[in-house]
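Position chain B relative to chain A; hints supplied.
Okay, here's what each chain looks like letter by letter:
Number of protein chains: 2
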Amino acid sequence: MAQEFKFFLKKSQTSGGPRLGEISMARGLVATPAFMPVGTLGTVKTLTPEELQDLGAGIILGNIYHLYLRPGIEVITALGGLHRFMHWDGPILTDSGGYQILSLAPFRTLKEAGVTFRSHLDGSLHFLDPEKVVAMQEAIGVDIMICLDECPGYPAKEEEVRKAAALTLRWAQRSLAARSREGPALFAVVQGGMMPELRREQAQAFRELDFDGYALGGLSVGEDKELTWEMVAAVTPELPVDKPRYLMGMGTPEDLVEGVARGVDMFDCVLPTRNARNGMAFTTAGRVVIKNAAYTQDPRPLDEACGCYTCRHYSRAYLRHLFVSREILAYRLFTLHNLYYYFHLMARMRQAVATGAFAAFRREFYQNRSEGGNTRG
Amino acid sequence: MAQEFKFFLKKSQTSGGPRLGEISMARGLVATPAFMPVGTLGTVKTLTPEELQDLGAGIILGNIYHLYLRPGIEVITALGGLHRFMHWDGPILTDSGGYQILSLAPFRTLKEAGVTFRSHLDGSLHFLDPEKVVAMQEAIGVDIMICLDECPGYPAKEEEVRKAAALTLRWAQRSLAARSREGPALFAVVQGGMMPELRREQAQAFRELDFDGYALGGLSVGEDKELTWEMVAAVTPELPVDKPRYLMGMGTPEDLVEGVARGVDMFDCVLPTRNARNGMAFTTAGRVVIKNAAYTQDPRPLDEACGCYTCRHYSRAYLRHLFVSREILAYRLFTLHNLYYYFHLMARMRQAVATGAFAAFRREFYQNRSEGGNTRG
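In order, the protein sequences belong to chains A and B.
Mapping of the first sequence onto our numbering: residues 1 to 377, in sequence order.
Mapping of the second sequence onto our numbering: residues 1 to 377, in sequence order.
Looking at chain A on its own, in the form it has when it is part of the complex (with noise of 0.2 Å):
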């Protein structure tokens, strides 16, 4: 367990329920529900270190998938670590590249020693171990690492998906041995596909060992979102309640509502920043695709209600002229608006839980998406 990373649940309503809390970092403090940005490459696209901050990002996700094909571990530890190399001194979260290799990489053999694949970029063959995906993420000095997992695809065989589940429990295991020093964190990941009674055994298998966190893997990956809340509800009681709970890659709006409702404490997605990219915004009265023609002489901001750089100063007609122009400009404000609305989203959650007022706010988030249909895209 590391020594510098402590969890406080300040609240939690009911078992499996929201939850409010706080992570305590060596490099600073994150306050529970929280979303984290995801920098995949060392950065969170399109904008400054500065930037995040301002927005009040509290931790930032990394991939040592990515890192470690492009730049390469070495780069990145010759010029300090990850934190150097890309100006941010908050905490940082890498994925083990699990999900990465099985989604990316054009082949790939898993053993039980480890697995071994081709580079997506070059076609280069890799060999990646348990061992070495948490060497390399203490080597670049991440905060919290992930080990290794097996993430099964979607739909798959029963036989495929318990043998996924107990090779991820073994490599949890050796991630657990494999680590050198007490510093960063180390998350494990709760895999067991869409079978209910899997992931409970499996969160229970977990919790013996000594993990500081767990991760919700394997979700969202082409099931239905039923589904996908029934396995979180699985889980989620199941695991300690003193140790937080990450769900892994999901985050609509909706998703972090209905996350945070079943207990979980900490969230990534790329969909507020490459949705920027594709000049879709997320507002309070639901998503405004940009290049719509219907915004060509539209004077008001993306939201009304937003108080972000981009809503303070800009119009929907000038956000659609440097969209449809292509102008780099146009990637950066919706990023700035996207990554404001889901902070300011998990600021009002928290501020539910600790109110008890969850399921209240719960109720006006619907209310306000559905009266807001003439904006939505």
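Since the hints were made in silico from the structure, they are not lab data.
Mixed in with the good hints there might be a few duds.
The list treats identical chains as one, so a pair stands whether inside a single copy or across any two.
Stated by the list, open to error - Taking lysine-lysine pairs in the DSBU-like style, the calculated list, with each CA pair at most 35 Å apart, reads:
no. : residue 1 : residue 2
1   : Lys132    : Lys291
2   : Lys10     : Lys157
3   : Lys45     : Lys291
4   : Lys11     : Lys291
5   : Lys111    : Lys10
6   : Lys11     : Lys45
7   : Lys291    : Lys6
Same frame as chain A, now just chain B:
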């Protein structure tokens, strides 16, 4: 003559030599010699107006040909004019589009009345004349307007160059007559190809007319640099000393130095911003082309003598990683650096002119570059 536009010549070493001045406009003061960043479509690519201001940009450029085609003059006026549209409250100069019609439009017919051309975006047919070009610039509320001109190609027959210069002069007279109000300044464009005598004649003809400033057009269109500077040196001594001279579209660091040496007050060029997006940095020691593998683990900033945001916080290794990964932050960081370099260079030249030390500055400028060969791209 514009009421609120005033040029103060503070120091002039020799006739046709380096000058120090100040342009006073309703929206702000601009110290000359000045570099104007190019914001063709209502955005200086990748940057916010606040960033431009922090860099020290006193005035920026737009282009009426581009803005007319996209988003359209009616959109900008409906949104309250170009300043409000793009959230920039400093002075804006718009080029008339004479050069863009020559260089971009896939088809054009030029008559005494005006020019018919097809849009480079969608092939649609358009007609512009000097009156309409003034009216559009007035409509969107710019601070300095440029007369529609005919920019001959290069090389061109003497006859064509003479015809283009004569038409440009007649169009300038029509532009002057077309002004509907006293607010914005109006600059004429001196053409005349590579014929010094014709350029001188044009300048003499223009000085009889009541323009607020004079642009030198049709240069750096393919001719040798020596010829360019011969044309500039032919024109500047013939222009009124109490009006600013603007050398259109030229701006390597060497061009800025040589232009100032010949009495130019204003410059614009896409080079610092465009090259930024191609991963090329201007530095005191020459040019750095960041994709060069030599920078893979280079911990140094782009320019060790530079105090810009990029050089204060990022290594060449990180910038190279961002650039080869096509990360948008790379384009921002290079643009910030290059514009900082340009504004710093202009400030050093103003200082040198102020203290009568321009010749020494110019020698030192070239000496630094020849010593910096190791970082040249």
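Evaluated hints:
Taking identical chains as interchangeable, the C-alpha atoms of Lys132 and Lys291 lie at most 35 Å apart only when they sit on different chains, with a minimum of 29 Å there against 45 Å within one chain. In this assembly of identical chains, the alpha carbons of Lys10 and Lys157 never lie at most 35 Å apart, being 40 Å within a copy and 82 Å across copies at closest. In this homomeric assembly, Lys45 and Lys291 come within 35 Å of each other (Cα to Cα) both inside a single copy, at 21 Å, and across copies, at 19 Å. Proximity of Lys11 to Lys291 under the C-alpha cut-off of 35 Å is found in neither arrangement, the shortest distances being 43 Å within a copy and 51 Å between copies.
For the homomeric pair Lys111 and Lys10, neither the shortest alpha-carbon distance inside one copy (42 Å) nor that between copies (78 Å) is at most 35 Å. For the homomeric pair Lys11 and Lys45, the shortest alpha-carbon distance inside one copy (34 Å) is at most 35 Å, but the shortest distance between copies (47 Å) is not. With identical chains, the CA atoms of Lys291 and Lys6 are never at most 35 Å apart, being 45 Å at best within one copy and 42 Å at best between copies.
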